[in-house]
Amino acid sequence: MPVSLDDSDLPSRIRARDPQAIKAVVKAYMGQVLRAARGAGLDENLAEDVVQATFLTFMEKAENFEGKSHVRTWIFGILYKKILEAHRETKRDQKKDSIEDVMEERFKADGSWMRPPEHVDMQVEDSEVREKIMDCLDGVPGKQRIAFILKEIEGHSSKEICKIMNVTRTNLGALLFRCRNRLRECLERKGVKRS
Amino acid sequence: MLRCKEVTWLIASGDLESSHWTRQLGVKMHLLLCKHCRLYWAQMKAIASLLRSIFRAPYSSEEIESIKRLEQRILKK
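Protein chains in written order, with this note's numbering: chain U, 1 to 195; chain V, 196 to 272.
Excised from the complex, chain V in its bound form:
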């Protein structure tokens, strides 16, 4: 049975995604039983989602200006 410490490592390091299917299944089983690890996992996902929503928002007019300016500078060379 996986311990909470190991589960948090697998989740936060990204090792879980490349783990053998038996390990992934072990983590899923652990998350069914452990509310603390379930919260931890949900928070990791929420943090990523929150930052993606900030950084992937549609380009602002200032960003569009920066991009155009940089493209002109670089493609003139």
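Chain U extracted, bound-state conformation:
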């Protein structure tokens, strides 16, 4: 029986380890999960290992899938835990991040700009810009990077990301704020100025 990932009986078919359902899920999300693992900063070999571990865990625990969230959210939740195990970087995301001090210094006491943003070249077609943004992304701590990748690249909703990463909406806001400002500050520092 053909499988649609939005079928209402998909959760029960996954729980029953229906081979067609399992195969459809693996094939549907393999590319996205691999890209997300690479986006989270894992090198090629480690990304493949993590992706394999993710789907093997999905298959092992299939009978536990309740279907309360979409199967994509569940798989990305497994991926997130595998990435953290691979990175072992959870301690780097402190409650207070130096980027917050950097941002504080940009504003006067009344909340207006003291040091406003400078114009920075962000042309998509420019290979120098692409190289610099990837360098900047490599400098972003693990959880912040993962939150950004899930939001902006994979297109998950904030609600889904909170489930995947087991964070509150407030925490997620802080992670995204820190990541986005790190990237912006980094590009400005690298001096990719628009003429």
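I should point out that these hints are in silico values taken from the structure, not numbers from a laboratory. Note that this is a predicted model, so its numbers are computed, not measured. Cβ coordinates follow ideal geometry from the N, Cα and C atoms, glycine included. Mixed in with the good hints there might be a few duds.
Some chain U residues close to chain V (C-beta under 7 Å, calculated; not the full set) [what the hints assert, rightly or not]:
{"#": "1", "residue": "R35"}
{"#": "2", "residue": "V51"}
{"#": "3", "residue": "F107"}
{"#": "4", "residue": "W113"}
{"#": "5", "residue": "M122"}
{"#": "6", "residue": "V124"}
{"#": "7", "residue": "E152"}
{"#": "8", "residue": "I153"}
{"#": "9", "residue": "L176"}
{"#": "10", "residue": "F177"}
{"#": "11", "residue": "R180"}
{"#": "12", "residue": "R184"}
Since chain U is already given, all that's left is putting chain V on it; use the hints.
Okay, now just chain V, sitting in the frame of chain U:
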């Protein structure tokens, strides 16, 4: 009237999208008047767009090979 610091938080944290319509309107009004926040907002969008263009490019032949390899390994189990 919203301050620049608050506007940058709303934009960068993603809180703006789930804010009450009055707040969203307040930010729009602020952006009409503040060129610095307008630039900040444009840069946030450009950064996301730039990274999406990198990460969402069509799969390379190496990526396609990786995907096929992983699918075979996993579906054999």
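Task: Unmet hints by their number, sorted upward, for this structure - done: When the structure is compared with the hints, none of them turns out to be violated.
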